[in-house]
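Trainee: For the protein sequence lines, the chains are A and B, in the order given. Numbering follows my numbering, with no gaps: position 82 of the first sequence is 1144. Numbering follows my numbering, with no gaps: position 49 of the second sequence is 131.
Derived by calculation from the structure, the hints in this document are not laboratory data. Don't take each hint at face value.
[What the hints assert, rightly or not] Covered stretches of chain B (chain A as the covering partner; in silico rule of three or more C-beta atoms under 8 angstroms from a C-beta of chain A):
# : stretch
1 : 97 to 107
2 : 130 to 141
3 : 181 to 187
[Claimed, not checked] Only pairs whose alpha carbons sit at most 25 angstroms apart, straight line, appear in this in silico BS3-like list of lysine-lysine:
#  : chain 1 : residue 1 : chain 2 : residue 2
4  : A       : 1104      : A       : 1131
5  : A       : 1104      : A       : 1167
6  : A       : 1131      : A       : 1119
7  : B       : 153       : A       : 1167
8  : B       : 152       : B       : 139
9  : A       : 1104      : B       : 91
10 : A       : 1167      : A       : 1119
11 : B       : 139       : B       : 153
12 : B       : 152       : A       : 1167
The beta-carbon is built from N, C-alpha and C at its ideal position, and this holds for glycine as well.
Single-letter residue listing:
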Amino acid sequence: EDQVTQSPEALRLQEGESSSLNCSYTVSGLRGLFWYRQDPGKGPEFLFTLYSAGEEKEKERLKATLTKKESFLHITAPKPEDSATYLCAVQAVGGGSNYKLTFGKGTLLTVNP
Amino acid sequence: NAGVTQTPKFRVLKTGQSMTLLCAQDMNHEYMYWYRQDPGMGLRLIHYSVGEGTTAKGEVPDGYNVSRLKKQNFLLGLESAAPSQTSVYFCASAGQVYGYTFGSGTRLTVV
């Protein structure tokens, strides 16, 4: 069974204080690892897909990295508008699990001005 | 540029009532999904479809039925609502492995 664990559950930062969110996963074979951002009352919004260990992707103040067991979402000099819940999900290879995503419970990030 | 549209956005049901949630996508995606999101539980897959006329069970299918009669629409039905089905329901679609596009959600309360 595919499993995704995110830590911490909640993180409070001061504006400009860089940090990282962790996503550890267990999957029989990884097709892709996804990061989403979710604002209150809205659906998740796609950020990144990572496919293989060593891969990195960046978008503004966010950088996602991937190893064989975990992914990190690094937030550099965050701003209050980066406050949201960040979700990690994995997509496994193989018949029955094709294209389904298994999600972690998310990390609630709050950035104070 | 609508993407994925869910209706209704809010609904209150009495225990035992039935209802249908509608999801429509205009991206010609093959794959569609229904998830529920509960505090402390994350997003859990209810049912999914890999193409028009096909459906399959996800992680938490009990008490729900689905239909995909047209490629652009994916319906989620509750035949006899229970308080345990109080949740926020999200529909998503995908055309390939690059990630889902989610709707804005339906907040359902069963009293």
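Trainee: Decide, hint by hint, whether the structure agrees.
Mentor: Evaluation of the provided hints:
{"no.": "1", "hint": "97 to 107", "result": "violated (count 0)"}
{"no.": "2", "hint": "130 to 141", "result": "holds (count 3)"}
{"no.": "3", "hint": "181 to 187", "result": "holds (count 7)"}
{"no.": "4", "hint": "A:1104 / A:1131", "result": "violated (29 angstroms)"}
{"no.": "5", "hint": "A:1104 / A:1167", "result": "holds (16 angstroms)"}
{"no.": "6", "hint": "A:1131 / A:1119", "result": "holds (17 angstroms)"}
{"no.": "7", "hint": "B:153 / A:1167", "result": "violated (30 angstroms)"}
{"no.": "8", "hint": "B:152 / B:139", "result": "holds (18 angstroms)"}
{"no.": "9", "hint": "A:1104 / B:91", "result": "holds (11 angstroms)"}
{"no.": "10", "hint": "A:1167 / A:1119", "result": "holds (22 angstroms)"}
{"no.": "11", "hint": "B:139 / B:153", "result": "holds (18 angstroms)"}
{"no.": "12", "hint": "B:152 / A:1167", "result": "violated (32 angstroms)"}
In the structure shown, a violation is registered for the earlier hints numbered 1, 4, 7 and 12, in ascending order.
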